[in-house]
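Now for the letters of each chain:
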Amino acid sequence: MRLVIPSALRRIALGLSAALPLLLSGCWSKQELNDRSFVSTLMIDRTEEGLTEVSAMFLLPNRVTTGLSNSTTNQKPYALVSGRGRDIAEAFQRFQRDLPRYVTWGHMQVIIVGDRYARAGLAPLLDFLVRMPDFRLRVYVFHFAGEARELSKISSLFERFPTEVWREFAHMKQAPPVQSRELLYAQWNNLGDGYLPGLNLGHKDIPTERERVEWSGIAPAALIKDNKVTDLFTEEETTGVLLLNSRVPETVFTVPIPGPGNGLASARLVDVTQRTGASRRGDRVTIRTRIRAEADLITIQSPLDLTKPESIRKIERALEERLGELAAAAARKARAHQADAFQWSEYVKYGYPSLWKKWSGSLRENLAENVSPKFDVRVHLRNTGESRSSLTNK
Amino acid sequence: MELTAWIADRLRDRKDVVSQKIERGDFVCTVYYLTDGIDLEMLQSHVLRPLLRPYYGTAEERLSDIFNHKSFFTAVYTLAPAPESALAGLLEGQALLCLPGQTTGLLFPFQNRAKRSVGTTENEKTVRGPKESFVEDVWTNLSLIRQRTKSDKLVVDEFAIGSESRTVVLLLYMDGNCAPELAESIRTKLLAIRAERVPGSSFIEEALDDQLASPFPKMLNTERPDVAASSLFEGRVVLLVEGTPNSLIAPATLQSFLQSAEDYYQRYFFSSWVRMLRYLFFFVSLVLPSAYVAITTFHPEMLPYALLISIASSRDIVPFPAILEAFMMEVAFEVLREAGQRIPSTLGQTISIVGAIVIGEAAVQAGIVSAPMVIIVALTGISSFVVPHFSMTLAIRFLRFALLLVSALFGLLGLLVGIFFVYIHLLSIDSFGTPYLSPVVPYRAKAMKDTAGRFPWTSWMRRSP
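Each protein sequence line maps, in turn, to chains B and V. Residues in the first sequence are numbered consecutively from 1, following the UniProt record's numbering. Residues in the second sequence are numbered consecutively from 1, following the UniProt record's numbering.
Simulated from the structure, these hints should not be mistaken for laboratory data. On a predicted model such as this, the values are computed, not experimentally measured, just so you know. Any given hint might turn out to be false.
Unchecked claim - From the derived model, a few chain B residues whose C-beta atoms are all more than 12 Å from chain V:
| no. | residue |
| --- | --- |
| 1 | 19 |
| 2 | 35 |
| 3 | 64 |
| 4 | 105 |
| 5 | 128 |
| 6 | 164 |
| 7 | 234 |
| 8 | 350 |
| 9 | 387 |
To be verified - Chain V side only, calculated, beta carbon under 10 Å to chain B, not exhaustive:
| no. | residue |
| --- | --- |
| 10 | 211 |
| 11 | 214 |
| 12 | 215 |
| 13 | 264 |
| 14 | 296 |
| 15 | 301 |
| 16 | 310 |
| 17 | 315 |
| 18 | 317 |
| 19 | 417 |
Each residue gets a CB set at the ideal place from its N, CA and C atoms; glycine is no exception.
In isolation and in its complexed conformation, chain B is listed as follows (with noise of 0.2 Å):
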C-alpha cells in the first residue's frame, strides 16, 4: 500500500527539510564584537633553549579613539601578547588561557619571523598556517634579524598601527613581498626554498616628536632554502629579488650615464612587469626573464642634449644596464646556494619532465649547474620633463 501523505504535511516536510541546513551553523558559533579580540600581527620567535614563542599583537577597541571625538591620548591602541611553548599551538594556548576574549585570527595581516627561528626552520609555522582555517592565505610575511618581538615597540608614527606600516611595505612593493600562500606553495608543491623580505629596527631622531623614536625600515631580504634561511641578500640584491618577482608600480633609480663628464640621471620606473619562460637545449636549460619598464626622467645632471635620439637612448641603456645588473646579483646568490629561492624548478618540472626525472637524484646540484638566468631589460623613456638639461650650454 502506498502510503499517502497530507499536502499540508508534506509542505510541513518540504520546508523543515529545506530548513535542515541552518543547522549547520547556529547560536554556537555565535560570538559578538565585544568577545573577540582580533590578531593584526604573528611574531614568531625561538628561545635559547629551542622553545617557541608566539607573539600576537591585538587590536584594543576601547583604545581607538575613531571619529571627531579625538582624545589624544597616549595610550597605545594595541597590545602585545607572548607564551611559550614546545610547538606553536601550545604557545599560543599559554596566552589564549590568559585572555578575557577570544582569539580571532581572521584579520591577522603580517607575520614576522625571528631569525633564529627562521634559521631553525619554518615548517612548524606553515604546517600550522595550513591546518587551521582561520587564516587568510594573503598574510604578509617578514623576516627580521633579531628577536621579531622587539620590533613591537616602533613608535608608528605614520599609521595608527604597526601592522599597517608593515603592511605597506609589502603593499607599496618597497620591499619583496611574500604571501604566505607563496610559501605555503614553495613547501608543498616545490623544494621548500624561496626568499623573505625583512625588516629592520633603529633609533631615529625626529626633531618633531619629544622623544626618540623607534623606526621600523626595510632590511635587505634573506634567502630560504629547504625551509631555513640560511642567508641573507645584500640591499642592491635584494632590489633585483623585487624586480624580479613582482610587478612594481613605481621606482627610482639613480645611474650614471656612460661616456666622460656625462654626469647622472634619476628615473622614476613606472610599472614594472616581467615574463619569465624557459628553453631547453640538450641537458641545459635557459630561463628567460624579460623585464619591462617606462621610466620619467626626473633628474639629470648632464650636458646632455636631450632632443636627440641617441642622448636619450642612452639614458635607456643606463637603465637597462643597471636594472639587468640587480636582477643577475639576485639569482646568483640564490644559485651560489643551489637554492631555487624563484620557483624556476617548475619550468623544469612541468616544461621537460624527462630532464626532470632524470635530474631527480640530486635536483639541488643540476638545478644551480644547468638551469642559467637571462635578463633581457627593455626601459622605455616615455618623458625627459624639459628637453633641456641645466647643464646645457644655452
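Once you've looked at the hints, dock chain V against the given chain B.
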C-alpha cells in the same frame, strides 16, 4: 399598498427624512427627501412648480399626463416600480415623488452631495507631470480618468457592494487591451462579496485576494488619475471605490510597485538610473541590518581591517548583543515613523526631529547604541521609502524583522536561506493570474524595456494601428 403609505410606514419617526405634501385641489402628491441632501432650487423649479400649475382635468387624466407625457417635469427622473427600489433611491439622496394611489415612485437625482474638490497629490508627488489626485467621489474620479481616456473602448461597470452601505464600485477596463478573462474574474469576485458594508478600497483589495497569507500586496493603489489611466492602456483593470480617494489597479507585479509616476515624466537617462537605484535600495532595505548583524557576530573576517577597527571600537562599550541593538533600533525607528504619521501634522515635524536626535545622538553618546548601527538603521529606514508604493514598503518592513531574526540565529547562511524563502514565496504567488515576478520570471524580453530601466517612449510604447 400605496407607495406613500409604505414609505410612511418604513420611515416613521425618521427625523432626517422630509415629507412634503403638494396639494392642488384633491390631487395630493408627496415628495420625500433627506434633509440637507438635496438641491432645493432644482426641486422647486422642476418638480413643485409643474405640479402646482393650474390644471383643468380630472385626477386620472392628470396621472396619465404625468406618466405618458414625458416632458411634464423639466428634469430627468427615473421610475421606481417597486417600493424597495424607491426607498433605495431616496436613501441614496434622490428626491422621491409619490403620486396619489400609485405604487410607482418617481426619483429625481437632485442630490447635493458633500464632496471635496479635486486636490493635488499628497503621497505620490512628482516634480513634473500632473498634480491632480482622486477624491472620495467615484463619479468625479471617473471623469478624471475619462479626461485621459477619450476612447469608446473604455468599459465602465457599476456595482453596489455592501447590503447596507450600498457602496458604488466602478470596474474600468479597455476593451481589446485587457484580457477578457481578467475582467470577468474580477467581476465574478466582486459579485461574490457578501458584506454589510465596504469600509474602503482596502476592503475590496482584501476581498479579491486569494493568497491572504502573503505579506505582498496584490493590487496597486494610486491616488493619481494619470497612473490609473495609463494602467488601463496597459491592459489592466482599474477599480474605483466610493469613499476612497485611491483607485485599485490589478494585476500588480513586484516590478510595478517599484515604478513611480515620476519615471515617466523625466528624461529617460535619469529615470533609468533612478529606477536601478530603487531596485538596489529595495534590496538594501530588506537585508542591510540582517547582513550587518550576521557579519559582525558570525563572520567578522569579512570586514576589512580598517572598517573592523571603527566598528569594533564603537561597539566596545555597547552593553547589548548586536541583534538586540539592531532590534531595539529598528523598533524605535518603526515607532517614530508610526508616531510621526499619527501626530497632528503641525507637530509631526518637531517630534520626528526630536526623536531622531534623542535616539541617534544621545544613544551613541551614552554608549547604549553604536554609531554604525545608527547609520545602518537610518540608511535602511530611508531606503525603505525609496519604494514609491507604501503597501510594498510595509511588506518589506515586516520581512526585514523576520530576516533579522534568522540571521541573528544562523548568520549569513540563515540570511541566505531566508532570502531564498522570500524568493520562493515570490515565485509562488500571482496577482490575478499574472506571476508576481513577471516580466523577469517568466522572462518577457519586450517588457524589459520598461523594467530594467525606462527606455525612451518611442522604443516600447504601443503605437496606434
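Quiz item: Against which earlier hints does the structure fall short, listed by number upward?
Solution: Per hint list: 1, 2, 3, 4, 6, 10, 11, 12, 13 violated.
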